[in-house]
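Number of protein chains: 2
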Amino acid sequence: MPVPRQVFIAVIGAGGVGKCFLSQLSQLTSNLARSPSAPTTLSLVWLSTSKKAVYHADYKPLGNWESDLEASTSPTLPLPDLASYLEKAPGKAVLIDNTSNQDVADSYPLFLRKGISIVTPNKKAFSSTSQLWRDIFSAASNGTGAGGYIFHESSVGAGLPVLSALKELVETGDQVRKIEGVFSGTMSFLFNSFQPVAGGGGKFSAEVKTAKDKGFTEPDPRDDLNGLDVARKLTILARLAGLEVESPTSFPVQSLIPKELEAVASGDEFMARLPEFDDQMDELKTAAEKEGKVVRFVGSVDVPKGEVKVGLEKFDTSHPIAALKGSDNIIAFYTERYGDNPLIIQGAGAGGEVTAMGVTGDLIKVLRLLQ
Amino acid sequence: MPVPRQVFIAVIGAGGVGKCFLSQLSQLTSNLARSPSAPTTLSLVWLSTSKKAVYHADYKPLGNWESDLEASTSPTLPLPDLASYLEKAPGKAVLIDNTSNQDVADSYPLFLRKGISIVTPNKKAFSSTSQLWRDIFSAASNGTGAGGYIFHESSVGAGLPVLSALKELVETGDQVRKIEGVFSGTMSFLFNSFQPVAGGGGKFSAEVKTAKDKGFTEPDPRDDLNGLDVARKLTILARLAGLEVESPTSFPVQSLIPKELEAVASGDEFMARLPEFDDQMDELKTAAEKEGKVVRFVGSVDVPKGEVKVGLEKFDTSHPIAALKGSDNIIAFYTERYGDNPLIIQGAGAGGEVTAMGVTGDLIKVLRLLQ
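Protein chains in written order, with my numbering: chain E, 425 to 795; chain Z, 425 to 795.
Just to be clear, a hint being listed does not mean it is correct.
Stretch-level coverage of chain E by chain Z, calculated; a stretch enters the list once three of its residues show a Cβ under 8 Å from a Cβ in chain Z [unchecked claim]:
#: 1; region: 442-455
#: 2; region: 573-587
#: 3; region: 595-605
Cβ pair distances, simulated, as ranges [as the list claims (entries may be wrong)]:
#: 4; chain 1: E; residue 1: S459; chain 2: Z; residue 2: A622; range: 26 to 36 Å
#: 5; chain 1: Z; residue 1: S562; chain 2: E; residue 2: K475; range: 42 to 52 Å
#: 6; chain 1: E; residue 1: G735; chain 2: Z; residue 2: A711; range: 36 to 46 Å
#: 7; chain 1: E; residue 1: G730; chain 2: Z; residue 2: G639; range: 18 to 28 Å
#: 8; chain 1: E; residue 1: G730; chain 2: Z; residue 2: P460; range: 21 to 31 Å
#: 9; chain 1: E; residue 1: G763; chain 2: Z; residue 2: S454; range: 50 to 60 Å
Heads up, simulated EDC-like pairs for lysine to aspartate or glutamate below, C-alpha to C-alpha not over 20 Å straight-line [to be verified]:
#: 10; chain 1: Z; residue 1: K475; chain 2: Z; residue 2: D530
#: 11; chain 1: Z; residue 1: K443; chain 2: E; residue 2: E760
#: 12; chain 1: E; residue 1: K749; chain 2: Z; residue 2: E760
Don't read these hints as lab results, they were simulated from the structure.
Since we're looking at a predicted model, the values are computed, not measured.
Note that CB positions come from ideal geometry on N, CA and C, so glycine has one too.
Using the sequences plus the hints, can you model the full thing?
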């Protein structure tokens, strides 16, 4: 009978993804405790939001995290103090960062060097300066360092196995030539509705309003339309494919925010004035239509040329990118071994449950490596 | 400076997949030897075909395996002797089975119990009796046992990340409702040519002949057309999704071999008489066309109903399965978390390099777990 081992889990963030993850964690904890071959006790010892935290100095597992967090009046600790707390845990510790916070991301090297593993969908850790990327992977055991492990599948395409597929192509010696796809659920929805393959579609500003009303956009839709979210994902993919990318603003990114509306004070004012620019978008649509094509907002990495770009492109209506549905993502890997027909991964690339699933999947990978 | 560790590798099979794997192994061996964080020496100590073997009693690594194998006059050892040889190696050992041999598959539990890990594209190990499946996974460390690890990504869809994706859905607690797809490169090519979405296409017998001439079929095309290859893959997927499947002949599998030709003596005679049945296939095509659909040879698993089936189905021309190109595979996972739009994985599901890539990827996973 193998001896059960204990792994200490700290979670930062209890928003949409965080809540779904905590529910998946609770199910995983029950499953692992019952595993006949390698029973594992996952102890959730820390949960914090930007404002407060719940934890016990003696690493006693949290009970009902939802009510505990609500009842808590303790402000959260500074990140270095959390790192020390986890370093002193009587067993291996894993930090789950379910935020999109730059400060938390900046502290990853510190956690990793202390032997704490990290699992996260936080894009900012992997798409900021190349210095931060190097600091993270030179500290991590699955980089060149000797610290904790780090996995971030959900930072691109949520739970879709995009990063694991790319890593395997690279590690097994395939030559990645090009990566191309639709990497934003918001952009996918907007253009699949604006110019469906079957024809029709509404005015661009109307589609943005619909997407906003359905909760598919950030509170200020400009935060989607500026292309930065997609640029961050492309930065991550390009780096994993072996390119040096200084930052997500170091390559061409097309913003869909009209110049004139960049500086307007509020998202509401932006939405009110967006219809003034519908004619420009309709021109693009008509031009594509004349070539038998549709317009889509895509990102691509040309690995041999070292080129990364994000913006509008035209696709034949029979192209898999044109035929995408709803708010799905699609990612095509063109490689030497796959030849002309790429390896394609497609499906929901946003949403609490599927993003949390990528995080939970990564946690399982870390637990196997910590054996 | 970490101490380099040594892992002993034995390879059975030096055919199409075997040769590609040996070339990928040689590249991986160089990469791992240079790894700054965890240098690993992979020592290829055994290589055998059905007829002969090359190895040294003192575990000295093989030099030039190609010329060594050609020059060898040693018959291969019985499998239990190979298992003892690897068990006594002065370090961890991994058996790579690049055959499709049932005897080798039947011996996996023996190897695993001796602590030898296994990586293989050999479908027969996972799609024969449910007793063999249980014996394998009750011996393996990544099953319920304490023996070696076993991975078999390439047994379905070659290097496409199909099994790893399915395992992650299950392990993270998603509910898989249905798995559906085209799982045979041969069947994909045949039907994409027989009834292209854009219309046209040749007689069925002519497409079989083209596929045979291009090397896309087994030497006797009946070995593809009987549906057993697809049934074996569905057996594996259904078992990973949690269903009890007794064998690949325990559920409905539609054979495309006309009853009258099942017993003809040779593949050549079969090919000569196949045109007699073109009218029957044309009827199916016309019937589908009248509904605006195309015919495809697919497999599906309905998890809640516990139903597995393989055969011809009709799909709308806009369906991703209809739009498949060349000899690509496509696999759609319908799950609770993904909702109406499934997680789709698509690309080449056959061929030496991509099959070997799945094997190499699995070997890397085993090496990480053996740390």
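Going through the numbered hints above, which ones does this structure break? Give me the numbers in ascending order. Violated: hints 4, 7 and 9.
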